[in-house]
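Throw the hints in and build the complete structure from the sequences for me.
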Amino acid sequence: MKYRIIKSLILSLVILTVFTGFQAVSQVTPTHETIIHVEKLLHVISGYEYDKSRAWLQEFQIVMQEVYLDPLAMNETEKLMLRFLQSDATLPGKQFVCKHLGTIATKNSVPVLKEMLKNESTADLAIPVLERISDPIAGKTMMNYLKKSEKKTKVAIINSLGACRYDKAVKLLAKLVYDSDPMISGSSISALGSIGTNEAAEILKTATSKLTGDVKWQVMDAWLKCADRFVKENKLADAWIIYQEVYNSDPAAFLRKAALRGMFLITTENPVDFIIKHLQINDSEILPAVISLIYELPDNSSPGRIYKETTGLSGKDQICLFTAIASTGDRSIHPVIVDAINHNDPEVRIEGLKALAKIGDSADVLFLAEKASTLRGMERDHARESLYTLAGPDIDKTILFAIEGADPEIKVELIKSIGERNISSAVDLLIKLSGNSDPAVRVESIEALGKIATPDNLSDIIRILINVQSERERKIAETAIYSVMLKMPDGSHKSKDLIAILPTMNDPLTLNSIIAILGEIGDNRDYPVLKEYLKSEYPEIQLAAIRALSKWPDATPKEDLKAIAETTDDIRKHMLALRGYVQVVVVDENFTEDQKYAEIRNAFNIASGNDEQKIVLSGLGKVISLEALKFAISLMDKSELVHETEAAIMNIAYDLSWNYPRETREELNKVLQITKSEDLQREIEELLKTIDK
Amino acid sequence: MHLSLILFIVCFNFIPVILVNAQNLQHLEISYPPPMYIGTPTDMKVERLENPWEVTRPVFYVPEGTHNVALNKWIEFTGEEPLIGDVKLINDGDKQGVEGSYVELSPGNQYITIDLESPCNIYAIVIWHYHAKARVYYDVIVQISDDPDFLFGVHTLFNNDFDNSSGYGAGENLNYIESNEGKLVDGKGLQARYIRLHSNGNNDNDLNHYTEVEIFGKPAY
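Protein chains in written order, with this note's numbering: chain A, 152 to 844; chain B, 35 to 255.
No incorrect hints appear here.
Calculated lysine-lysine pairs in the DSS-like style (CA-CA distance at most 25 Å, straight line): (1) A:702 <-> A:724; (2) A:840 <-> A:781; (3) A:827 <-> A:781; (4) A:258 <-> A:322; (5) B:107 <-> A:602; (6) B:79 <-> A:840; (7) A:302 <-> A:367; (8) B:107 <-> A:626; (9) B:122 <-> A:626; (10) A:230 <-> A:291; (11) B:79 <-> A:773; (12) A:298 <-> A:269; (13) A:781 <-> A:821; (14) A:686 <-> A:647; (15) A:319 <-> A:269; (16) B:122 <-> A:638; (17) B:122 <-> A:602; (18) B:122 <-> A:702; (19) B:79 <-> A:203; (20) B:107 <-> A:702.
Simulated from the structure, these hints should not be mistaken for lab results.
Because the structure is a prediction, the values reported are computed rather than measured.
And the structure:
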């Protein structure tokens with residue numbers, strides 16, 4: 152019995168193993184799928200030319216993202232790409248593949264790339280790939296080929312030897328530094344700088360004394376690159392020597408600046424002292440570079456004393472200096488900046504205002520608000536900007552505290568800053584200020600409320616709308632309510648509160664405002680309520696409802712708008728409703744083109760006069776249907792609408808021709824027989840050519 | 035003798051009018067922001083485009099006392115809330131064209147309406163949509179009216195919506211390239227309280243931008 156159980160267990164195990172093994176073999180792995188995809192795409196790309204579609208190339212780039220995630224796929228893709236490069240694929244195809252091979256190539260690619268070096272046209276493709284292979288064999292291959300190659304290829308190889316930092320090439324490059332061809336010598340100098348070994352640095356040092364003119368500056372630039380490399384390798388003493396030698400050799404300004412920065416970054420001296428020392432030299436050529444070092448000072452450097460200990464700078468240099476010091480947040484520069492803000496040169500004043508934003512504190516709030524209220528133009532903008540961005544724990548509190556006793560103009564600036572700084576705790580204060588006796592204070596308060604109030608404050612802002620004292624305040628209150636409603640979650644009934652107060656609303660102006668806001672929101676849950684206002688006893692309310700429904704985001708109001716356009720005797724209502732009718736039909740994305748066409752035909756029948764027909768024709772031009780095209784063509788005999796009809800025909804035909812090329816062609820041929828307009832004939836002929844393609 | 039009489043009558047009737055008008059007119063002073071791009075605009079492939087090299091702004095005369103009546107006036111706009119900036123930037127006097135000085139409105143066919151608060155005689159409207167790049171804004175229509183709904187007494191001063199996509203008729207004005215000089219539209223001294231400016235995206239994207247709009251006029255009453 153026991154034996155039988157063991158036997159059946161073993162049998163089950165064997166069956167299971169065979170079954171899962173079979174599954175594993177038969178399953179197409181993701182790697183396999185990727186490889187098949189790459190292979191297929193390479194086949195297509197083998198015929199790629201520059202004037203052909205790039206769609207396959209884009210797909211290849213997407214597949215390569217999968218390849219990068221899978222080492223096995225990378226290995227297989229490399230093999231496929233190498234086979235591709237050995238095939239008779241087009242040169243543009245090979246160029247594209249080489250670009251991607253560079254991202255995955257290993258030393259296995261070297262033999263194929265070496266063969267490519269022999270041909271001028273493919274050497275250009277192979278060199279960048281070799282450059283990216285980390286194995287030294289790639290550098291060796293390039294170096295061996297250097298002597299045999301033509302000038303253009305030679306320069307490319309030298310650059311790549313530098314880029315991959317192949318240090319065994321240093322001796323060879325050393326000879327090429329003195330080559331008579333400036334391209335070869337220039338690239339060799341640069342390559343030595345990139346390689347950046349002690350040996351390369353020595354060669355470049357020697358070259359600085361042998362070469363003259365621009366080439367000498369080129370050598371020094373490369374030598375500085377060696378110094379930068381030494382810094383990374385922590386060979387600071389070696390780096391310092393190079394920086395100092397370049398700086399003291401009176402080279403071109405850009406080299407002195409680079410050398411100075413190099414010294415600054417590794418100096419053992421106090422960096423603030425270092426800057427002061429170099430500022431005191433007062434060399435106008437490198438002064439901006441010295442000042443810019445302040446931006447690189449470590450935190451807590453207290454650079455304020457730089458300003459005190461530096462004398463004799465020109466006005467512009469002084470601006471640069473205090474701006475740089477202010478950027479570090481050192482408040483000791485504060486008196487200097489206040490002086491700058493009161494300077495007689497507007498440029499200095501603006502820079503002072505900008506700098507104060509960096510180092511100002513709560514004590515500067517009123518100062519900036521006062522400046523914002525008295526200055527004009529860019530100075531005012533900068534004063535405001537600084538007030539809005541002033542950082543610190545007590546700034547908001549100070550603004551709120553200062554409002555009470557401030558003069559009206561300053562009060563307005565402080566209120567503005569509440570909105571810009573989003574001081575959410577100020578809602579109650581703003582509600583109170585919206586009833587202030589000063590109109591400017593009221594306007595700013597309502598506007599700031601629109602920025603910081605939350606949906607919880609909606610009823611307060613509605614109350615403000617009811618009590619506004621001017622048309623401007625009304626418009627700002629409408630905007631504020633709308634802005635607050637937009638802060639409600641998507642899908643929620645944002646206009647619920649507005650709908651709720653509508654029955655209690657007796658003031659026609661406020662009612663108008665609320666209807667306008669409901670139109671902006673365009674929520675179908677509000678539609679039945681709004682629709683009732685089309686029957687209001689007040690014509691202005693009816694008009695407000697028509698305007699609101701005309702902005703509706705879909706065709707829900709179309710029947711009501713159509714009915715008004717058809718039946719009303721009031722020309723204003725008729726015109727507004729007709730415009731709205733066309734508008735809501737055209738914007739409704741759920742309407743089919745046939746539905747849109749049926750409605751536009753109705754609108755055309757309702758339209759009276761050319762101006763209204765032009766509006767309908769504009770809508771007709773957005774309906775992509777054969778019936779719409781035929782209808783537009785039937786209107787070609789109306790001479791007063793000829794341009795609009797032709798425009799509608801072409802608008803429809805362009806879109807329709809994608810899905811109905813034959814039918815569009817037939818209709819356009821009819822137009823060609825009717826029209827006398829040469830412009831239209833030319834446009835149609837161009838479109839017909841496109842359809843033929 | 036007969037000819038001299040005719041000449042005398044013509045001179046007698048018209049010279050004083052010309053003199054009076056000449057006394058009252060002054061050169062319109064527009065302050066231009068610094069140019070944001072330099073050089074020949076690239077080949078834009080925009081239909082019906084005016085050649086910028088053939089267009090030189092003529093000296094534009096306006097009556098004495100004409101000023102920018104749109105400064106800080108209320109502006110309404112269509113579409114969603116601005117994607118960048120605030121509509122106040124349109125008439126705040128800053129036309130630099132840099133970040134922070136223009137407003138970006140919703141894509142597609144949109145318009146702004148400037149309320150001058152009272153009727154004004156309008157002599158010139160200068161529009162800077164966006165001049166940091168050589169751009170062309172499509173379907174630019176400039177209308178003025180005393181009617182906030184723009185149903186009655188509407189004067190269309192400029193219209194390059196040649197395919198009537200906005201529904202105000204096919205315009206015959208040419209497309210133009212934005213520059214630091216803005217687009218000057220002759221207001222012809224017509225009286226209006228509201229100015230409506232339409233646009234429908236540009237050759238770079240579907241969005242609508244305004245850096246500044248200046249309306250040179252005088253209060254009508």
